[in-house]
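S.K.: Turn these sequences into a full structure, and let the hints steer you where they fit.
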Amino acid sequence: TAKDLKIGVVNLSLCCAYFVGMDLAVKDEAKAFPNITVISTDAKGDVAKLTSNVEDLLSQKVDGLIISGAWIEAAPEALDAIKAAGVPVVLVDRMLKGGEFTSWIGPDNYAIGVGIGEYIVKRLDGKGLLVILRGGPADNSIGLDRTNGVLSVVEKTGIQVEKAPDFGGWSVDGGFKLMEDMLTKHPQIDAVFCENDSMCQGAQKAIKDAGRSDKIFLTSVDGEKGTLKEIMSEGTNYGATGHNNSDQIGRASFHRLMAILAGAEAPQKTVLPSPIITKENAIKFYNPDSVF
Amino acid sequence: MLEIINVSKSFDGNPALRDVSVTAAAGRVLAICGENGAGKTTLMNVLSGAIKPDQGEILLDEVNVAVGNPHYAIELGIQTVHQELSLLPHLSVAENVLLGKWPHRRVGWLVDWKETERRAAEVIRDFGFEGIDVGARVSDLSISLQQIVEIAKALVGKPRVLILDEPSAVLSAHETRLLFRKIRELSASGTLVIYISHRLDEIFEVSDNVFVLKDGLGVLSAETAKVNRDLVIKAMVGRSLDAIYPVRHPNIGEVALEVRHLGRRPLFDDVTFTIRAGEIVGMFGLIGSGRTDVAKAIFGAEPALEGEILVAGKPVVTTTPATAIAKGMALVTEDRKRDGLAMDCSVLDNGGLASMDRFAFHGVLNRARQGEVVSNKLDGLQVRPRGMRRPVRQLSGGNQQKVVLGKWMLVENTRIFIFDEPTRGVDIATKVEIYRILDELAATGQAILLISSEMPEVLGLCDRLIVMRSGRIVTILDRAEFDMEAVFAHAAGIETPSSTV
Amino acid sequence: MTLTTALRDQGSAQQSSYGRIGRFNVANIGFALAILILVIVASMASDVFLTERNLVSISRQLVTNGLLSLGMLLVILTGGIDLSVGPVVAFSGLLATGLQAYMPFPAAIAVALAMGLAVGLFNGFMIARFKLQPFIVTLATMGSVRGLLYIFSETPQYPTDPLFRSLLGGGFIGPFPVPSLILLCIIPLVWFYLNHTVSGRAVYAIGVNSEAVRLAGINVRRHLIGAYAACGFLAAFAGVLLASRLGIAQPSVGIGYELDAIAAVVIGGGILGGGGGTVIGVVGGVLALALVDNVLNLFNVESYYQQFLKGLIILVAVLARRKRA
Amino acid sequence: MTLTTALRDQGSAQQSSYGRIGRFNVANIGFALAILILVIVASMASDVFLTERNLVSISRQLVTNGLLSLGMLLVILTGGIDLSVGPVVAFSGLLATGLQAYMPFPAAIAVALAMGLAVGLFNGFMIARFKLQPFIVTLATMGSVRGLLYIFSETPQYPTDPLFRSLLGGGFIGPFPVPSLILLCIIPLVWFYLNHTVSGRAVYAIGVNSEAVRLAGINVRRHLIGAYAACGFLAAFAGVLLASRLGIAQPSVGIGYELDAIAAVVIGGGILGGGGGTVIGVVGGVLALALVDNVLNLFNVESYYQQFLKGLIILVAVLARRKRA
Ligand SMILES: Nc1ncnc2c1ncn2[C@@H]1O[C@H](COP(=O)(O)OP(=O)(O)OP(=O)(O)O)[C@@H](O)[C@H]1O
Ligand SMILES: Nc1ncnc2c1ncn2[C@@H]1O[C@H](COP(=O)(O)OP(=O)(O)OP(=O)(O)O)[C@@H](O)[C@H]1O
Ligand SMILES: [Mg+2]
Ligand SMILES: [Mg+2]
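Protein chains in written order, with our numbering: chain A, 1 to 292; chain B, 1001 to 1501; chain C, 2001 to 2325; chain D, 3001 to 3325.
The set of hints was computed from the structure by calculation and includes no laboratory data.
Any given hint could be a false lead.
Unchecked claim - Think about it this way: if two alpha-carbon atoms lie no more than 27 Å apart in a straight line, the pair counts; the simulated DSSO-like pairs of lysine-lysine are: (1) K6(A) <-> K2310(C); (2) K2310(C) <-> K3310(D); (3) K27(A) <-> K208(A).
As the list claims (entries may be wrong) - Output of the computed footprint for chain C on chain A, the stretches with three or more beta carbons under 8 Å from beta carbons of chain C: (4) 27 to 41; (5) 45 to 59.
Ideal Cβ placement from N, Cα and C applies to all residues, glycine included.
M.R.: So, in structure tokens, the structure goes:
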């Protein structure tokens, strides 16, 4: 005679493997419990739609919510509505500002950036030219945090930094195109940092086509399956990626919500560790069956 | 009162008006004649402010009106019925009539709909067409009633100058009579009426003065009473036309087209007739009598729902124009702007549109050969100006019509030609040419169905005449039985002693 | 029987089959029925659909698209299109919130609305004065305004005055959300404008045959510019309401909003290129789209299937309208 | 001088004054000059602009928009529009890479191309058969195909066969990238199709007056469907080349691609609604957009200013074309 539970997952976007992986992880964990239904929504990157989706879920009297806010900074109305409805909410990945929430689990993007920055400084020995490819747009706080983290370390050294003027849109082709223009502009580039793996996957191809693979190494953040495989491969110029395991985050958020629903006193903020993955430790993280 | 002084206008370097000067007094009716492309419409466009002249001015009581601002011209009392219908089909009659002159209550931006309907109804009633419901959607009216609405637009408020650019092309004789009555009424009360028409009978009936344009030059300006038909034609064409209609020597062969009990209710029903090779069969009727629908049904454009069609004795099913063309049919449509021509495409593309397969091998066109053949054909038809790459939009109406004719004459193996109002809006010289072409086609053994609303035309050219009324054939007359009064009576449904159905 | 009466008979016979210029034609009735059926099915299949909470949600959710669609209707009636509404929504929200640090919030709102008006005037001017294609002009403005708004602020802006939220987007009068009430007031205004003002009639006419309208002595350019200005203004207004409802103005908001608005107009019987479209139709279109979104969410349809189904539903909606028309 | 040559001479003399019809009219020459000036300025101001490396980059970057614009041209000439090309690019890439696990890569490519063709056929069929508005039909397909492709794969797909990349998108023949060479072959094909085949001429005329074309005994429906099918096919082809160039296919790719393609066609003199547009103009439009992107990046213009400037440049381009026409 267990009570049926309804859980709403509010995704800002399901555009990309990272967020899809998180969404799937929650559903996967829930599968084990026959009396739990998961309702997942996709706001296609629009905060207004995200707020509508929250309203729709509250209309359906969900027992708890998980919000994956991806790259938005805040969604005050959504959080207010949830508070008014008295439903517990766990934020994953993105900690939304300007509103109350029950608990947050996610990575520290700034810290990941710092880690990558340290890797770059060490490998370049404190000199050379680093090119940064940003995802954009400028209100995307994930990217900002990551880049600022890298800069906080790198700027204290003799390394020069060149940001690509345009944004790569977080996509492979965006990274490819930006990298081509940067390669044209700078005859001597030593390292590349991309705000996510996808852009670096494109940038790597552009570098290869320019015949400069042996002179430039790449770093990024996410730890996608494809990137891990690349890092493990022989003679690669893909140096490192910050591990941002969306699968792990998703699963953790589900259990966090369950604990809260069961009456547990949960910590308000939990930072998941984000190790830097390089050739040495990649095998530990590589899972050929993962979605992400 | 109105002085047109040295007006010139060219389009892309081609002069349409060259130093035209003419004057007219209040209360007169001035007719303007000229061939297609002579510049009549262009002159009126300058007067009505639709376009600005390159040089020259037009003084209306000492005020220059040729400034290219329609609003200004209307304020001065110049009202225009443009050659092209400029109605808004999905709006009501009332709104169309009062477009831009919406009556308003107190504040200037609020439309008073009651007053709009009342005034529109008043104008239309004064015009003699009480039957038109001003609340009806314009697109639900027949073409001729649409033209009446178009004219009514210009009658709102008493115009000082009323320009009528070929108003009668789609009007029936009766409607034209009402229009003339209105013209006389207005001129009697001091309005200057400018009347453009290709029908010389009308010019002589209604006008006080006549002004002839040729190639953008004013070549004749006289009192109508002091000139005659031949003089006007000579001024227009540059030579005399001895015979309007060719003398027919029909060489009639086998039955080429037979139509049995064709029907598509409510448009038409039980239409049965035959046409033989070498024969020109006319089809007369009032506007809206369903002739176009019959033609479209035979041609497969809007297929019939009942009845059968036989070509050379064999039943055929024409469900699309393509199937009809394959059976040797051609249809010269009545509305060249809507159905006949792709206006922004070149003369070459339009002229060659129906005959592309002739120049194609597995879908690949031999453009050089196509260009040569099409330009030869159009040149033979004296399409002016020449130049295959010019968009047809830039040709005058008559020349556009010749492009349509050329298009169909280029199709090979055509045995049956259907012409729907081929001379509408066409000048007298071109008409004569079109008549000659029809006669020649017949002489080469083609079967021809000529749909026309011009009585003299069908009587002058046809070997037999089908008269339609309300979607049905009322009678079919042989040439010997042709009689204007009788034909008209049949068409209008007025009982006459001689009528036999 | 005289000739005129013969003609007259035929004229009136034709008329009866089409009726007077219909405000309520068959297509619209069919469309209204379809919405009704959707509502009935939804309320039977889901016990939460008809709850007050859900109805309030829907009524707030459709405000943005409602305002945008009304503006879009004006522009589409003139034969044009306005792709720049999305960035205007975003920019207006940023101005109305971001400027609150420097001025009282009504002044900030005024600046935001003025910006929308200015963008609309610019669009209209380029289109009317230089006879450029509306699609490309507003595509260019769409990019430029998006760039501008990021130059103004790369980061989200939050309102500083709490009244901004509680009076406008977040407010309620009784059980009714303020933004929905505002939309409810604007709908008849636009209807009145289109049907009872000289300018509104001109807008209708321009889309069908702008040359004829010009020759009738009407200042086409002014009314054309007016339609785009109104569209820009309504978009800015939508942006203000959205920011005040969400309590945040996000620079990246508004992507794809123009397509939703166009879809609503067309589903409601509008014709791109001019000559068709009514306020009541647009209201139906907006309602239909919002209901579909809501119902798909309530029925727990997966995101990708939602997207797939929504496309199909739009197609079916226009197909159904065509069949009946 | 024979009559025909006289006519031809006249034709060419007139070309100069009549925009659209001529192949080399004033507007096009002015446009070509503008591109030339851009190139000259860029090569003087930046010493890397004219390097082989950069030229290769540009030539590869414009392949996607080049293929999409050519397809879009066909559709725009018929008086239509195709908003669904973006998702087709993405779906086609996913199919061509993802299916390599189950079949040899040429077969996977064939499936991808067939999908593009099918989407195009569907668009064309709905538009031609039911006389629906192209904008709304392809808007619906855009949503549905995007949904479908995520249902097929929500994660990126990687090609398994290395030849897929090295032969196609990543390949070079001498110093020339394979995708650019492919585009270079397709341009004259499309030109030949439009100017020297029955179907191509019909496409031109349909956009101006489809009723006249139908009454000339031409199967309008077939050619209309053909244009959309070709557009879908080219979009799928662009998707295959893109995925093979990048070595990965992402489901989220292609957003906004339709607008770039439309912009290229219009900048090149195309008229939405039919009646204008040439292959050479489209090539110019694609080139201009790619050059502007590249130059702004080389000059290190910040993203937002880029967006802002790009809008302005589009506007100036259409203005200039108008002035000269
Ligand atoms: N907008 C235009 N662009 C280019 N040429 C034009 C334009 N309008 C008219 N023309 C040309 O100007 C000349 C005069 O045309 P206009 O329409 O005044 O003739 P019209 O006397 O009214 O002939 P119709 O009897 O056929 O109506 C023609 O050669 C025509 O091709
Ligand atoms: N108000 C209208 N709007 C659009 N098309 C119309 C209208 N009235 C008639 N038509 C079409 O125009 C053509 C004219 O056909 P109609 O039935 O009037 O016979 P008709 O005798 O050929 O008339 P006409 O003498 O004008 O040629 C038909 O194809 C008809 O469908
Ligand atoms: Mg004329
Ligand atoms: Mg007719």
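S.K.: Checked against the structure, which of the hints given earlier come out wrong?
M.R.: As far as the earlier hints go, 2 and 3 are violated by this structure, in ascending order.
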